[in-house]
Each structure stands twice: as C-alpha cells, then as structure tokens.
Amino acid sequence: MPGKLKVKIVAGRHLPVMDRASDLTDAFVEVKFGNTTFKTDVYPKSLNPQWNSEWFKFEVDDEDLQDEPLQITVLDHDTYSANDAIGKVYIDIDPLLYSEAATVISGWFPIYDTIHGIRGEINVVVKVDLFNDLNRFRQSSCGVKFFCTTSIPKCYRAVIIHGFVEELVVNEDPEYQWIDRIRTPRASNEARQRLISLMSGELQRKIGLKVLEMRGNAVVGYLQCFDLEGESGLVVRAIGTACTLDKLSSPAAFLPACNSPSKEMKEIPFNEDPNPNTHSSGPSTPLKNQTYSFSPSKSYSRQSSSSDTDLSLTPKTGMGSGSAGKEGGPFKALLRQQTQSALEQREFPFFTLTAFPPGFLVHVGGVVSARSVKLLDRIHNPDEPETRDAWWAEIRQEIKSHAKALGCHAVVGYSESTSICEEVCILSASGTAAVLNPRFLQDGTVEGCLEQRLEENLPAGCGFCHIPYDELNMPFPAHLTYCYNCRKQKVPDVLFTTIDLPTDATVIGKGCLIQARLCRLKKKAQAEANATAISNLLPFMEYEVHTQLMNKLKLKGMNALFGLRIQITVGENMLMGLASATGVYLAALPTPGGIQIAGKTPNDGSYEQHISHMQKKINDTIAKNKELYEINPPEISEEIIGSPIPEPRQRSRLLRSQSESSDEVTELDLSHGKKDAFVLEIDDTDAMEDVHSLLTDVPPPSGFYSCNTEIMPGINNWTSEIQMFTSVRVIRLSSLNLTNQALNKNFNDLCENLLKSLYFKLRSMIPCCLCHVNFTVSLPEDELIQVTVTAVAITFDKNQALQTTKAHVEKSLQRASTDNEELLQFPLELCSDSLPSHPFPPAKEHLESASSNSGIPAAQRDRCSSWIELIKLKAQTIRRGSIKTTVTVEKTSPMGEGNFRNRSAAPCANSTVGVVKMTPLSFIPGAKITKYLGIINMFFIRETTSLREEGGVSGFLHAFIAEVFAMVRAHVAALGGNAVVSYIMKQCVFMENPNKNQAQCLINVSGDAVVFARESELEVVSTQQPAANCQPACTGGEVTT
Amino acid sequence: MTSELDIFVGNTTLIDEDVYRLWLDGYSVGDAVALRVRSGILEQTGATAAVLQSDTMDHYRTFHMLERLLHAPPKLLHQLIYQIPPSRQALLIERYYAFDEAFVREVLGKKLSKGTKKDLDDISTKTGITLKSCRRQFDNFKRVFKVVEEMRGSLVDNIQQHFLLSDRLARDYAAIVFFANNRFETGKKKLQYLSFGDFAFCAELMIQNWTLGAVDSQVDDMDMDLDKEFLQDLKELKVLVADKDLLDLHKSLVCTALRGKLGVFSEMEANFKNLSRGLVNVATKLTHNKDVRDLFVDLVEKFVEPCRSDHWPLSDVRLFLNQYSASVHSLDGFR
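Sequence order for the protein chains is D and H.
Counting from 1, one number per residue, gives the positions in the first sequence under my numbering.
Counting from 1, one number per residue, gives the positions in the second sequence under my numbering.
Simulated from the structure, these hints should not be mistaken for lab results.
Among these hints, one or two may not hold up.
With a Cα cut of at most 30 Å, we get these calculated BS3-like pairs of lysine-lysine [unchecked claim]:
| # | chain 1 | residue 1 | chain 2 | residue 2 |
| --- | --- | --- | --- | --- |
| 1 | D | Lys8 | H | Lys75 |
| 2 | H | Lys142 | H | Lys75 |
| 3 | H | Lys190 | D | Lys45 |
| 4 | D | Lys45 | H | Lys75 |
All values derive from a computational prediction rather than experimental measurement.
Only chain D is shown next, with the shape it has when bound in the complex (with noise of 0.2 Å):
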C-alpha cells in the first residue's frame, strides 16, 4: 500500500444554468480514481456551490498513482431523471510524487466538458502520503523527474547524461470500436480521454523504470506523441534522455558558463580555455563546392523495409574511428576513444537534447535523417507493440549508421515523428550526428574532473564546427577550408544542424528563419501502390527541400542552419514539405558564395537579358539581407558576390574523389570566393518557378526578427514581455486541375501570409522576435492545407542594444580571462605547443574586427607570443565595462508587474486570477526558475453539433485553443506555478463536417510548470553578476556586429 491520495473538494463557480425552471443548479461532484468513487452532497439551487466536502482518500499502488488520472466529474442532481452531467476535470497527480516538486495541488479548475467547453470551475485539493517502497522489483517509476526541455534544467547540474530512453505503448481506439456506434459522441471523447492519460502515464512510468535500470534520475527533453492509426489503433510513444541530475543548492548557486568563478565553474572550464589543440595534419587546398551527399537507398515491400532517403548536408564517410589518430593531438584520440568506449555500450546512442552543457559537444557531424513508409495494421495484441517497436528500431538502426558515416559516435538534437493518410504511414527521425566529450557519459565523472581537463582544450566558438569526419578518406568531396577562426582544423562550408546554437560559438550578425516549402501531387492509389508512390516521391522532396534550404541561406549571406526540422506530410493526393530552420553567420565558416544563375542557350540575346537581370537581382538582394542581418564578416570581398564560376553543377562534382586533399603544404586561402557561388541553372520554367519563388520571400518588416531556435544569435537584452500564440490557418484549394506549381505557391503564400499576419498582429511589440516559430502542416482532407503555428514574441530593448552587446562582449573575455588565470599553472606547460595560437579566438577575433577590419593575418597572431599579457590587459577593459549591464535588468516591462501577485496561486475565491505564463522556450526571459514542478501533459477533445452558432469553425477552433491554454494556466496555478516553459502544442487534429454542422478536434499539448522569480527580486550576490547570467539570453552575448 504504497500511497495515500486524499482529495478535498472544495467549491464551484461559475456554473451553467442546468435547471431551465429556477435558472439555478443542483450540483454535487464524483471523485474516481481507479475503480473508487466518491461523491459530496448536493449543494442544491446555486451556480457557486460550497461543498467543502471531507478529505475523500484512496489507497492505491503508486504504479496506479503513476498511470491512473483523477477523475472529477461535476453532475447536476436530478429527483427523477438521470443526473446531468456538467463537465469533467482531470488531473495528474504525476508532479506529486516526487519530492522536489509539487507538494499540493491546490487551485480552480475548469469543469470541461468536451461537447460544450469549459463550463464554470472548480476548487480542489489533493493531496499523496508516500510511503517508502522497499520493494525492488516494482513496477513503478516514482521519483524519476520529467522535463520536456531539451536542455538541462536551469536549476540543475547533469552529473551524467545516460541517453536514449524510448517506449511505446499501443491500443485500441475507442472511436473506432463497437461500443463506438451505440453511445453518444461525448461518452466516446471522454473514453479516448481517459484511454491517452491512462496510456501516458503507463508510458511514463515505463521510461522512468528504464531510467532508473540506467541508474538515472530524469529524463530530459521528454517527448510524447500520439499516432491516431485510426481503424488500427492507437499508439503513444515517447523519447528522451536520461540524465543523473543534481539540483543546485540555491538559485543564487547557480552561476552557469558566463559567470566568475563559482564551484561548478571550475570543473567546467574547458568552455574558455585556451587552444592548444594541436592539429598537425597536413594542411589541404580548401576547395570544392558544398555538395549534397543524396543516398536514396529506397526499397519497398509490405512491411518491414522502408524507403529511406540520406540527407546529410555535410558529407558523409564511411569510417569512423580510423582516423582519430591522425586528425588530431594525442589528446583529440584519447577524447576519441573514450566517447566511443561509452557510447558503444548503447544501443542508440542518441540525445534528445538540443542544448548541452558546455564542453559536451565536440564536433558536430551535419544532419542525419532517415525516413521509412509503412502500412498500417490492425494492431492485435495490445500488449505486444512489437511491430511498431520494429518499425522504429529500423529507423534508428539507419540513424547510427548515418552518423557513423559521418565519423560520428552519436546524434544529438534527435526526434521522432510520423504523418498518417489513411492506411500510410511515414516515419521520420532526423537529428545531427556529433562527437561527444565522454566526461557527461559516464560515471565518477567529478574525480576525473582533473584529468580530463587535458582532453577538453577545445577552441572555443569554433570546436564543434570541424568535421569530424576524415578528410582524407571521404566518399563525397567537400568543400573543406581551414576554420576560420582557429585556423588550426578543417570546417566544411555549410553547417546544417537540429540542434540549438551552441552557447559559445561565434556568429556575425543576426540570424533569420529560413523555410523551405513543397508541395508535390500524388495519385490517388490504395494501400501498396500507394506507398510505393509515396517511397519513390520522397528522395525527390527531400532534395528539392534541400536545394531550396541551401538557396535561401546563400541569399540571405549565411552559412548554417540550426534547428533544421523537415516536416513531410502525407494527404490523399498530395505531398507536403516543410523545412524551417534558423540561418546564421558562423565566423568560423567561409563566406557562402553567392548565386550564380546559367541558362541553358547562351547565344539568346534577350534571355541572357534576362538572366543578368535576375542575376542582379540575386546579388542586390543578397547584399541586401547581408546588410538586414548585420553580416559583416572581417573579410569580405566583393568578388564573392556573383562572381562567375567555372565549374558546372554540383551532381559532376560527386563524383569527384579523395585525390583533392592532397598533403601540399599551402597558406590559408582567403579569396578563394570565386570558386564559391552557387550555380543555378534555369533550364527549364520549374526552375524559373524556384528562383522567383526564392526572390518572393519577405523579409520580416523593420524591427521584427524571427527564428525557431530558442534565441536569436545577436539579440540578448529580452525585456520580460513575452507573447506565446498558436495561429491556425486552413485553406481550401481549388480543385481544378491543381499543378505542383500552383500547389507550390498557394502553399507558399499561406505560409508567408500568415508569417505577415502574425508580424501585423505582434506589431504592438516593436522591436521584437519571434523565438522558437513551430509550423506544422496538416492535410486534413483532399482539398484542405492546415498551418499550425506556435511561437513567442519577445520584445528587446532596441536603444541598449548596442551598448550591452558591447558590455557582453567584453564581459565574455573577462570570463574567458578568469578561468585562465585559474587554470594558468596548469594547462599552460601542458599546452605549450599551443602558446602561439590564439588561446580565445571568439574574443580576440572581435577586437580586431573592431580595430581593423583586415582579415587576421597569422603574423599578427603570433605578435601576441604572451597571451597572458593580452588577457589581462583586456581584463581591465572589461571591469570598466561590466557596470552597463545592470542597465537591461532593471527594466521591467509594464507587463511584468502584474506576475508577483500570483506567486502563489491563492485557491481563494475572491482573489483575482493569478498571470500563468507560457513559452515553448526553456527560459523566462529577465527571470530565474527558482523551481520545476513537473510535466504538462494534456490532451483534449472538443466537438459540437452546432458549428455555425459556435461561430462557425473558426470560432470553434478558436474558443478551444483558448481553453486549451487555460486548462494548461489553471493546472500549473493549481502546482503553484507561475509559468509553462518549452510548452509544445504537439498535436491539432481538426475535422469539419460544415454540411453536417459539426467539427471535431483533439489537441495535445506539454510542457513544464515551473516557478520563476523576477531577477530583480533576487539577491545580487556578486558584483560581477549582473543579469543576464542564468539566461541563455546572454549566449549570444559573445555575438556582436
């Protein structure tokens, strides 16, 4: 008898009329848990009853606790026919099994009810008395913490970070069961409700037994998904990582990487130390153009194989460990040696993480994906979802080779997800693959503390962008140059990634959202024929998707994309795909060569008109974009830009091999832009189509950004205003004989009309970006394109940007030079070789951009042979600066007054509603999170049968999403919350049946309930930590014009 649930209800208001006679109610509340029921009196004739009921108790497994949801049911009493039922709420007591968070759940609650919304609201209690669970073999997970964030929670340290955790459990869907025909639409939601709790909480549970096998203690960037297969049921699954997890003392402890010497920060100092990462390699030509590494390995049969397509940008090797010995310093090896040795042992050696702790990622590999199409069976035997589990063993299977292919031991940013027509199925998995540092891998990490510091003196800002891969042994030839930053190893010159910008690399200017958008047309065809169209259509989206991503980054001056999500969804006719990701600057990447346009006869006097006409057009808006985003790299040479290229496409270039990186000694080769454009050759009118449609994005209007990565590199004094919105748009399209082109730019323009709408909408925020911009793309039905998106608006403070880039830059030396110091006696006789290289490149790279815009010959470099001298000089200038900071604290938005009333959420009736608020980010912008409180995990169907006097299905979906947000606000109130972070609407299903004047629509949605703290209202404790410290906002504090 592990646990004790008690439950109290307290009070109601707010009810609906349900007695037409009196205008009054009769209300009375069941409470269920498991299979016990209680109930409270009948509060007769009132719309705010007052049961004040008894504290009702249930004993109970904690593996129920973990699974089961309490159920309250609000009914309206009636002498002679059957009681009415009000509405419902369920609530998970998940967050009150583990210590740290939530003690009570205490607050008012919406009664929902799924056919009329929410109606009224109640207050509850609940209460659980843990007792100690000496059993080992139990089935429950209790205590293991979950955090949908895909970083390490701020109030956290990651002792170790295990890995991959994955489960999924299936069933039948209780809509399409027999049942299904003779009860009523509102028994049949509330049965599917019940049945996904009920599912996620076995599913939880079932990840927190694995991770407590790993010897963990959470799971981080949980994600849970619900696959609606209809007539074959119903599958939950979920991935995350697993973590050991350390929580830190007290708020004020917690000084992460740009802070002065705390005790965690001195284990972690590789993040700033010195490079003397010696990369004695022979040195190559840099050259070659960027390539796609295109794989199509596609096979199709009934069930097991899959169609799968290669995407990785970057190119791909087949060996992986060979070359550690080669490629770097002994100590580059030994790192090598031991990331693998702890990683070997997984099985999937994936991350879900997005963001690592610093020194954690190494290298990073380029994206990996892999894509499979299946049919759908009848799902037979719940208990043994093993074709499922097969399905996505296969895939990951694919994942690892890919990354092993790319010399990479592991994919980090990793995520699953899967698009359903009918009987089809496309399963997709993507993520980047990368070289870890072993230290967070593996046990006893602190003792070892010392020794790996050896390992870690890795270049800050530029590390984790040389390949990983062996240069000398690449199937595929890429265009490799010395890194720009270190100089000391090779980079490709396109970086594409799933993950977060790292918090310490270098980026010029700023960053943008770059999407790409395809749509492709598709017979109508039945089971095997139809996935076999499916499996050969898909190479050619994935590509296209590709050549489109890689344009649009060319045109707007950039050279990586972060957070690079491809969406491909399957409708009856069509294809849909939508990449979205977030382009930045690297300063340790060449310069991307500009577009170069050829046409297919050149003696056409009056097409070659044209073509210079569009070439110009290319270059002007390429210039432009570079001026938009600020990206003025130290060198730019003009003859980049449009520069012809001699060399014809880049599918000849494929098969070029090995013999370019020859052992020829040569400099570093800053010009060698005119090998560097890009070619586009207009051969025919689709790719006419492709160039317009490159040229008719628009860019965001002046003071407004966008990415969907969690900040913007180059932005980083937030204010506290935030504005988290989801935006759906359905269109319908015209029937008649529909083209790819004119479902391409009808997809395009709902895409880029929204975008405008929501710029219109948020222009009250001034100067402001859109963080974290979520599109998914739905096909409800034939005719029917769905865009959902879901992002916030932060506002910044435009007059202090300046000023406190500048303060962050200095202050990013001062932190850099701090750890120096400390670290002196040590690293620097074991670092020797390294003396005349740059030890923090980011910084100085800055300085002298500023000082002289010249490139940084190696000469100068060597100047400096006492780089002490230099730090501590630079250490001075920054105690000057470092005051300013304080500046962009102490503004607090108008909007930010109202949030310390409702710090703790008073279940008094008279109080007014406390502000809950919510953000796909990880983080509070001016704020700390003083305190997690557990998932949110909701999922919630509404439906009607009088859509039109719900305001038809606008009004529909509108009214529910507002709901939706406020069940998520009154449960994370009711935890004593304040706020929702990486909250994630995971799915919107919407189904309309105007003739029939009905809609239907299930949305599940997750996050975590956190309680945060304005930073002004907590102790400053030293005089160096101003701000912005705990936030990632700072990161691209080292980011500057």
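For this one, chain D is given, so just place chain H on it according to the hints.
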C-alpha cells in the same frame, strides 16, 4: 485558394483599442476594414488588405466571445479562459459601458422596455449611431437597471460593485437608472438645450435629497424611488403662495437680502410672486406621478423661461434661489 479557417490565440489575449472602438461603434467587419485602411495603417505597417481583414476578423471574434463576460464584468475578472492584464480588463469594461451623449439624451427617462427598444432604429437614423451600437447601449442601461433595481445601499456603490465601472461612469449610470425609474420627461423640445450632464447633476442631487435613501439607508430601492412622504410634505409649501402675508414677508426678506447684489433686482422684485408661485406649484404637484414625470418641463416653463426672458445671469439665479430657500426658514411655521 480560400481561407477556411484563420485564427490567432495568444496566451495573453491581444486587444487592439482601435478595433475595439470600431466594434463597439457597431461597424461590420467590412466597414471596419475600410475605416482602418482609411486611417493609413497599411502604409504605416506595410501590411496588405488581406492581413488587415484577417486581423479585424480575429479581433471581432475575440470581442464577440468576450461580450458574454462583459455583461457581468466581475466574471471577466474571475474567468480563466482569457488572460488579460487588469488594466486591459478595466479598459474593456469601461469602453463597453461607455455611451454616446446623443443616444443617452434620446432614451433618458424613457422606460427601458421592449417598446423603447423597437424605436431604436429611429434613434439610430436620427443620431447617426449604428443600430448595433444603439442596441448595446440600450441593453447596457437595461442590464444595469435590472441588476440594481431591487438592491439596498447606495445606487452608485451598487453599480460600481456589480459592473466595476469608474466612479464617473457609475454616477452617470446612477442618473440613467434614476431617470428611467422615475420616467422623467426629458425629450420635449423645450428641454433639448439641456445636456445629459445637466440632468445627471440634477439626478445626483435628487438622489441625495429626495429619495428614501436620503432618510433611511436600509430600504430596498432606496436610491431609486422618490420619498413619498417627502413629496407629501411638499404640499405644505402651498402656504407660501396661498397666504398673502407670508408671501409678502417672504418677498421682503429676499429683497432686503439681495438688494444691491443682484443685477436684475428690479425684474426679480417685479416677478417675485410669479416665480414663487411657479416653484411652489411645481413642488406641491409632485404627489402625482404624471407631474413627477413632467418635473423638468414644469421647472423650465415656470421658472427657467421667465428668468431667461428677463436675461438673468446664472449667478443671479443662484443667489436668488439660495436666498429664496434660506429666507423661508425665518418665516413663521417654517422654523
């Protein structure tokens, strides 16, 4: 390509003040978009008409959903569905309950019934206020009336408590409710020159001095109905004009006090009997409901107009009336 569905839902509900005004003014989405285009917003923001249309629709939908809550403002404060900062909530309520001067003059003192509601299209044509807006304003008056009509305690306080209006607006509503309850005639041509503010001023004084609440604060309806006993007592004033001696004495008292202070002294002296008779007659008739309704008409006819024809300045009227009522206290039988 047609847009089937187009929505935007913020965690904090976005309220656009300009669009709210257009909605309150009863414009259709189409008209509102046209008006917004005319305001030059497209040029300012670089948006397209389609964006404006979608934005306007969205706001209208939000307002439509909020309207139910605005009917009982405390609900807006306690509801959980729309997260709106308190200052915005106050703005929503205040603007929703605000009314047009032109409109309120049309319905002031009328019974807030279905009959009056039917006349709203006439009012709409006459005032140029959209019918929709007229209906909202009328329904607001009626709603406030219904809620506070049977309540104890101060009228203004009740309104403020149940509708969370600003002090100013609550006072205005008190006047409207008071006028509607007593059905004072305000629509006659003679009264057209009076503003709502003038009547509201009168209403406030009458509530303070003439109602049940003025005597006893624990009665239902205390601020709404005139105190019947008080009106009965007014009959006694008749002696001021019926008794010739008393009339003369009263006159001489007033004249002595005001000699040299009044610019229109001679006219006052000459007219004193007429004026006094007019005032007292108005007062003594107030026991009849019909005469109560005509209170303002009578006052204008019997007192204001004679004064105006003699070109009395306002300060003189005030001095006269003060002296007129003060002197009564020194008369026999009024001490």
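We went through each hint and held it up to the structure:
Taking the CA atoms of D:Lys8 and H:Lys75, the gap is about 25 Å. The hint holds against a cut of 30 Å. A threshold of 30 Å between alpha carbons decides the hint, and for H:Lys142 with H:Lys75 the separation of about 18 Å falls inside it, so the pair holds. The hinted pair formed by H:Lys190 and D:Lys45 fails the criterion: a straight-line CA distance of about 51 Å is larger than 30 Å. Simply put, D:Lys45 and H:Lys75 have alpha-carbon atoms about 19 Å apart, close enough for the 30 Å limit, and the pair holds.
The structure does not agree with numbered hint 3 stated previously, though it agrees with all others.
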